[in-house]
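Colleague: Spelled out, the chains give:
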Amino acid sequence: MNLKFKDKIVPPKFAESLLERLIKDELVEEVLGDLDEKFYQTLKVKTTIRAKLNYWYQVLNYIRPFALKKYRSNSNNTDMFKNYFKVSFRNLRKNKGYSFINLGGLAFGITVTLLISLWVHDELSFNTYHTNHNRIARVIQNVTNNGEIQTWTSTPFPLAEELRTNYSDNFKHIAMAVSWGGHSLTLSDKTLNKVGGYFENDAPEILDLKILEGTKTVKDPASILLSESTALAYFGDNDPINQVMQVDEMPPVKVIGVYQDIPENSSFGGLDFITTWDFLYNNEDWFRTFEEPWRPNFVSLYVELNPNIDIDKASENIKDAKLKNLNEHLAQKKPELFLHPMEDWYLRSNFENGVNVEGRIQYVWMFGIIGIFVLILACINFMNLSTARNEIRAKEVGIRKTIGSAGNQLVLQFFVESFMIVLFSFLVALLLSYVTLPVFNEIANKEITVPWSNVYFWLVSLSFIVITAIIAGSYPALYLSSFKPVQVLKGTFSSGRYSALPRKILVVFQFTISIALIIGTIVVDQQIQYAKNRPVGYSRDNLLSIPITNDAVIEHFDAISKKLKDRRVITSMAKSGSALTALWGSTSGFSWEGKDPNLSIDFGMVHSSYDYGKTIDWNIVEGRDFSREYATDSSAVILNQTAAQFMGLEDPVGQIITWWDRPYTVIGVIEDMVMESPYARQNEVVYFLDEYGGNMTFLKLNPEIGTSVALETVESVFKEINPEQPFEFQFVNDDYNRKFGSEERVGKLAGFFSILAILICCLGIFGLTSFMAERRTKEIGIRKILGASVSKLWELLTKDFVFMVVISGILAAPIAYYLLSQWLSKYEYHTSIEAWVFILSCALTLAITLFTVSYQAIKAATTNPVNSLRDQ
Amino acid sequence: MKETRLGEFEEVILLLVGILGEQAYAFKVAEEFEEQTKRSVSIGAVHSSLNRLSEKGFLNSEMGASSPERGGRRKRIYKITALGQRTLTEARDFRVSLWQQFPGLGSELAGFSSI
Numbered sequence: 001m002n003l004k005f006k007d008k009i010v011p012p013k014f015a016e017s018l019l020e021r022l023i024k025d026e027l028v029e030e031v032l033g034d035l036d037e038k039f040y041q042t043l044k045v046k047t048t049i050r051a052k053l054n055y056w057y058q059v060l061n062y063i064r065p066f067a068l069k070k071y072r073s074n075s076n077n078t079d080m081f082k083n084y085f086k087v088s089f090r091n092l093r094k095n096k097g098y099s100f101i102n103l104g105g106l107a108f109g110i111t112v113t114l115l116i117s118l119w120v121h122d123e124l125s126f127n128t129y130h131t132n133h134n135r136i137a138r139v140i141q142n143v144t145n146n147g148e149i150q151t152w153t154s155t156p157f158p159l160a161e162e163l164r165t166n167y168s169d170n171f172k173h174i175a176m177a178v179s180w181g182g183h184s185l186t187l188s189d190k191t192l193n194k195v196g197g198y199f200e201n202d203a204p205e206i207l208d209l210k211i212l213e214g215t216k217t218v219k220d221p222a223s224i225l226l227s228e229s230t231a232l233a234y235f236g237d238n239d240p241i242n243q244v245m246q247v248d249e250m251p252p253v254k255v256i257g258v259y260q261d262i263p264e265n266s267s268f269g270g271l272d273f274i275t276t277w278d279f280l281y282n283n284e285d286w287f288r289t290f291e292e293p294w295r296p297n298f299v300s301l302y303v304e305l306n307p308n309i310d311i312d313k314a315s316e317n318i319k320d321a322k323l324k325n326l327n328e329h330l331a332q333k334k335p336e337l338f339l340h341p342m343e344d345w346y347l348r349s350n351f352e353n354g355v356n357v358e359g360r361i362q363y364v365w366m367f368g369i370i371g372i373f374v375l376i377l378a379c380i381n382f383m384n385l386s387t388a389r390n391e392i393r394a395k396e397v398g399i400r401k402t403i404g405s406a407g408n409q410l411v412l413q414f415f416v417e418s419f420m421i422v423l424f425s426f427l428v429a430l431l432l433s434y435v436t437l438p439v440f441n442e443i444a445n446k447e448i449t450v451p452w453s454n455v456y457f458w459l460v461s462l463s464f465i466v467i468t469a470i471i472a473g474s475y476p477a478l479y480l481s482s483f484k485p486v487q488v489l490k491g492t493f494s495s496g497r498y499s500a501l502p503r504k505i506l507v508v509f510q511f512t513i514s515i516a517l518i519i520g521t522i523v524v525d526q527q528i529q530y531a532k533n534r535p536v537g538y539s540r541d542n543l544l545s546i547p548i549t550n551d552a553v554i555e556h557f558d559a560i561s562k563k564l565k566d567r568r569v570i571t572s573m574a575k576s577g578s579a580l581t582a583l584w585g586s587t588s589g590f591s592w593e594g595k596d597p598n599l600s601i602d603f604g605m606v607h608s609s610y611d612y613g614k615t616i617d618w619n620i621v622e623g624r625d626f627s628r629e630y631a632t633d634s635s636a637v638i639l640n641q642t643a644a645q646f647m648g649l650e651d652p653v654g655q656i657i658t659w660w661d662r663p664y665t666v667i668g669v670i671e672d673m674v675m676e677s678p679y680a681r682q683n684e685v686v687y688f689l690d691e692y693g694g695n696m697t698f699l700k701l702n703p704e705i706g707t708s709v710a711l712e713t714v715e716s717v718f719k720e721i722n723p724e725q726p727f728e729f730q731f732v733n734d735d736y737n738r739k740f741g742s743e744e745r746v747g748k749l750a751g752f753f754s755i756l757a758i759l760i761c762c763l764g765i766f767g768l769t770s771f772m773a774e775r776r777t778k779e780i781g782i783r784k785i786l787g788a789s790v791s792k793l794w795e796l797l798t799k800d801f802v803f804m805v806v807i808s809g810i811l812a813a814p815i816a817y818y819l820l821s822q823w824l825s826k827y828e829y830h831t832s833i834e835a836w837v838f839i840l841s842c843a844l845t846l847a848i849t850l851f852t853v854s855y856q857a858i859k860a861a862t863t864n865p866v867n868s869l870r871d872q
Numbered sequence: 001m002k003e004t005r006l007g008e009f010e011e012v013i014l015l016l017v018g019i020l021g022e023q024a025y026a027f028k029v030a031e032e033f034e035e036q037t038k039r040s041v042s043i044g045a046v047h048s049s050l051n052r053l054s055e056k057g058f059l060n061s062e063m064g065a066s067s068p069e070r071g072g073r074r075k076r077i078y079k080i081t082a083l084g085q086r087t088l089t090e091a092r093d094f095r096v097s098l099w100q101q102f103p104g105l106g107s108e109l110a111g112f113s114s115i
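Going down the list, the sequences are from chains A and B. Using our numbering, read the first sequence as starting at 1 and increasing by one per residue. Using our numbering, read the second sequence as starting at 1 and increasing by one per residue.
No wet-lab data here; the hints were simulated from the structure. Glycine included, C-beta positions come from ideal geometry on N, C-alpha and C. Please note that the accuracy of each hint is not assured.
What the hints assert, rightly or not - Residues from chain B shown here face chain A by an in silico Cβ test under 10 Å; the list is partial: (1) Tyr25; (2) Arg52; (3) Gly72; (4) Arg74; (5) Gln85; (6) Thr89.
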């Protein structure tokens, strides 16, 4: 390198100035000199860059205690901080009741917010277990039926092949699944009921199953993958790989792999085993005997998108993939395919008229907002109690100001105070959350734990503490620090007529929220009750359902029935193709006189045996039930009222309708039965007679025999016929009540939160009234001497609060009405909001308020005036 | 009371100051250290050590002459004090006495103590 050029090179300027700024002035000269010498010496043997880097290295190595400038530490500041803490502590200790209310209220508020945050986090993290969750989607379709657009989540099975051949550039993986549900899984002599299904070979890849043993690559169709817990249940410590198992009555399959259990907060949670689609296809002839394979929609179709393609684009691309394969009749439904992204499966799963109308996410929003409000309620308590006590703190502020405290120092002081209280409350809240979490989990049907070891949790908590402290502390800090010392110390300080106004506004705000929450709780509960009281059209009492997983039951059906009847355990027994609490089949094949040939329809369809109507005790409105006396009943149908109405048949009984061109005579019309959602409109349903099939058995237990005895007998009879099968049963009533689970949970949580909100409000006004009563001790004493009665004094102290509650009620009613009508309008079968709900909520709040206030008011009013006036 | 014991690094630095005499300033000491020990060291580390040794009273220093390669800046020249000299000697004697008690080696090193 050119030495002449090198002469002009100087040490890095920035490093030099940095050093100058950092190190002690007296050292600058010698150090810079030394470093220069070092730099030029390095430059002689090394490149410029190395020399500069070395210079930087030397500079950084001067960051040592001995060399650094001593920043003048303002010890006054530190002392002041110490003083703030000390004064805060003393204040807390001095006013134990007040501190308790403040801390307790905040702790409650924070607990609620914490629990809700954990819940919201859990809801939002649904399905994130699957690595590619943001590229996984389900192919679903909008179809036009009975004059409206319906969204179906199932598709015909040839669609998978169609997507693979003609749309492959959109998708990385495609896999369909069928028959996902309870199956009996057998290992030699051990049979258990396990949840699983037949999946195509790409499924383990799409779900990104974590393989613990073996492989997820399927070579032979007769393969099965087990979840870790399932493998453990069958094999214990033994190696499950290559063992032979059996699903239902299918030929044997070999275990090829074990995957980590899929967590509950996944749509695939609790999937115990996966076996292959090809295996089912090869073994079931019915796949190949469909006259029109595109007609039945019974598979779930999952895809993983290619990384470079946008989901909306892919949705648009596959839109007509089904339609173009349909015959004229099927095309009437105008199916439009689209992709429902995995992220929306759980939270945005509702469709109305083919458009996504969200779903659970609304609850996430709702509870999120409630959580924030409850926290605000608690913050308001803090503000009110701090400012109400202003006259006591005013002297302190006055003195501090006179001896030289600046305004912002005082603001800081009050922030330190609120920060301390929030910090304490947070610690209490952590404890409270930890204690109440099991109960909360029970109500919310979750398995949430406090993520103690998660760094983010603590970071979020910390920022949460700071934000809460700022919200709660801002108003008191600004208000208290604004006092004029001269006025305060002269003793002429008075807060003025309107100084309590902001406090009152805040109290009104608190009550408005509480009343709205109470109204909400009542309305949610009413809606649940309303739906529960909906006439279901059949009798659920003593009705037992047993799934049929084995042909033996169907073969020996009459024998079982006779045996049980002989033992007087049951009064009646029937089988059906569908559960009572869901519609398992539907068809577009009906035609009747006067039907518009272009109308696309979809009617529910139930095949049942004789005695079905008798067993479930349905209500025949017109005509008659199926009967063994009429041989022609094999080509008879029974309609429900909605179906009869939809068809527009004037006198339905005796009319002929056709199903795929086969004529059927309508022999009866029954009252609608609630089979699907109790909140939704009724489906049109047609009932057929079918002696040779069935998926469910229904037994009407004899009410004269105890349930446990009856169950035992039923089990023994079923075991006789079918010894390997585990006996599984369900009371229809329990099954039906499960339909209310989600709403009941919402109701319980809303109730839980409104109780807490009220509690926090009460704590607040309890603090306020006790403080007011204390301040007005002398006034009350004088009033008593002048002859005021206890009831007059009580009125004096309580009327303000009554007034505030009334205003809150007036404010809360329209807000609650608006929000609740929105919520109710989601349900087609819903109650109406009645005026008494508002009145009751206000009255309830008023009663609680009066109770809280009265305690202090009566205490103050009954004190002997001698005691309160003696000292002056 | 200041700590008066010497660490290994400090002892070497102190010795180097003695060796360098009039040229004992941070950069030169650091250079000499690298030269003699084949270990790399930053000037800051050496300076820190020199500073500590001064605080202990083993060294004193004054500003010396300037030179062009230092951009005309002066250097701080360190000198060993009587206390520093004594501490070094004590450190050496202590080691030698330990070596002499070392079985099998003590006699071989006998002559060493007379240096």
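Colleague: Taking 10 Å as the limit, does the beta-carbon of B:Gln85 come near enough to a beta-carbon in chain A?
Modeller: Nearest chain A Cβ about 23 Å off; hint violated.
Colleague: Would you check whether B:Arg74 satisfies its interface hint, that is, whether its CB is within less than 10 Å of any CB in chain A?
Modeller: holds (6 Å)
Colleague: Would the hint on B:Gly72 be counted as holding, given a Cβ-Cβ threshold of 10 Å to chain A?
Modeller: holds (8 Å)
Colleague: Can we keep the B:Arg52 interface hint, with Cβ of chain A closer than 10 Å?
Modeller: holds (7 Å)
Colleague: So, B:Thr89 near chain A? Judge it on the closest CB pair being under 10 Å.
Modeller: Violated - the Cβ of B:Thr89 stays beyond 10 Å from chain A, reaching only about 27 Å at its closest.
Colleague: Verify the interface restraint on B:Tyr25: the C-beta must sit less than 10 Å from at least one C-beta of chain A.
Modeller: Interface hint status for B:Tyr25: holds (7 Å vs cutoff 10 Å).
The structure does not agree with the numbered hints 5 and 6 stated previously, though it agrees with the rest.
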